[in-house]
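Student: When you get a sec, could you build the whole thing from the sequences and use the hints?
Going left to right, the sequence shown walks through residues 797 to 980 as our numbering numbers them.
Worth flagging that the hints you see were computed from the coordinates, not collected in a lab. Among these hints, one or two may not hold up.
What the hints assert, rightly or not - Listed next, with one range per pair, are the computed distances between beta-carbon atoms:
(1) Asn966 with Gln928: 16 to 24 Å
(2) Tyr883 with Glu949: 45 to 53 Å
(3) Ile975 with Arg853: 31 to 39 Å
Note that the Cβ used here is the ideal one computed from N, Cα and C, for glycine as well.
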Amino acid sequence: MTKKITYNILNIVTIIMVTMFFSCKDNFKEVQKIGISENEPVGIDYNINLKYTDSGRVTANLISTKTLDYSNRDFPFREFTDGVTLYIFDKDNNKSTIVADYAIIYNDTDLIDMQNNVVITTHDNKVLKTDQLFYDQKKEWLYTNKPVSFKTESDVINGNGFDSNSKFTNAEVLEVTGIITLED
797 MTKKITYNIL NIVTIIMVTM FFSCKDNFKE VQKIGISENE PVGIDYNINL
847 KYTDSGRVTA NLISTKTLDY SNRDFPFREF TDGVTLYIFD KDNNKSTIVA
897 DYAIIYNDTD LIDMQNNVVI TTHDNKVLKT DQLFYDQKKE WLYTNKPVSF
947 KTESDVINGN GFDSNSKFTN AEVLEVTGII TLED
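Tutor: Right under this line is the structure:
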């Protein structure tokens with residue numbers, strides 16, 4: 797009789813252990829989020845100076861005074877609430893400067909979304925002004941579908957959209973609404 801009770805207890809304990817083993821799951825990310833609101837940044841950084849390199853060559857340099865880190869989100873990003881300055885270097889190390897009042901970098905896509913008073917000044921003194929500009933870091937490509945003003949050596953071109961590589965060798969104002977020719 798005691799063998800039967802011992803056998804039943806052993807079976808019950810085995811069933812409980814197997815059930816516990818298969819019911820366990822990896823919830824490390826959920827544990828990390830305890831105490832952190834989904835709407836709050838996981839960190840705040842000050843006086844940022846980020847350098848992006850490709851094969852040992854600096855391709856971009858991003859500078860900002862304050863960054864909010866939302867890497868705890870499902871689609872992580874960094875928010876630059878106090879403005880940003882972005883220097884883009886081409887293969888000949890020519891520097892173009894982009895300044896904006898606000899920016900977001902999306903970690904998974906390497907896309908920078910710059911907004912409010914965006915001004916680009918190229919190494920050869922071309923100037924683009926718009927309210928929003930995207931920079932694709934992987935493709936080294938700039939674009940927007942917002943109204944733009946693009947000043948070259950001889951013209952000021954206004955339009956609705958802009959598309960260019962980071963060298964501005966094929967810069968194109970889309971939906972041109974006006975061209976002003978400058979005189980020397």
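Student: Hint by hint, note whether the structure agrees.
Tutor: Checked hints:
1. Asn966 with Gln928: 16 to 24 Å: holds, 21 Å
2. Tyr883 with Glu949: 45 to 53 Å: violated, 22 Å
3. Ile975 with Arg853: 31 to 39 Å: holds, 36 Å
Checked against the numbered hints given earlier, the structure breaks only hint 2 and satisfies all the rest.
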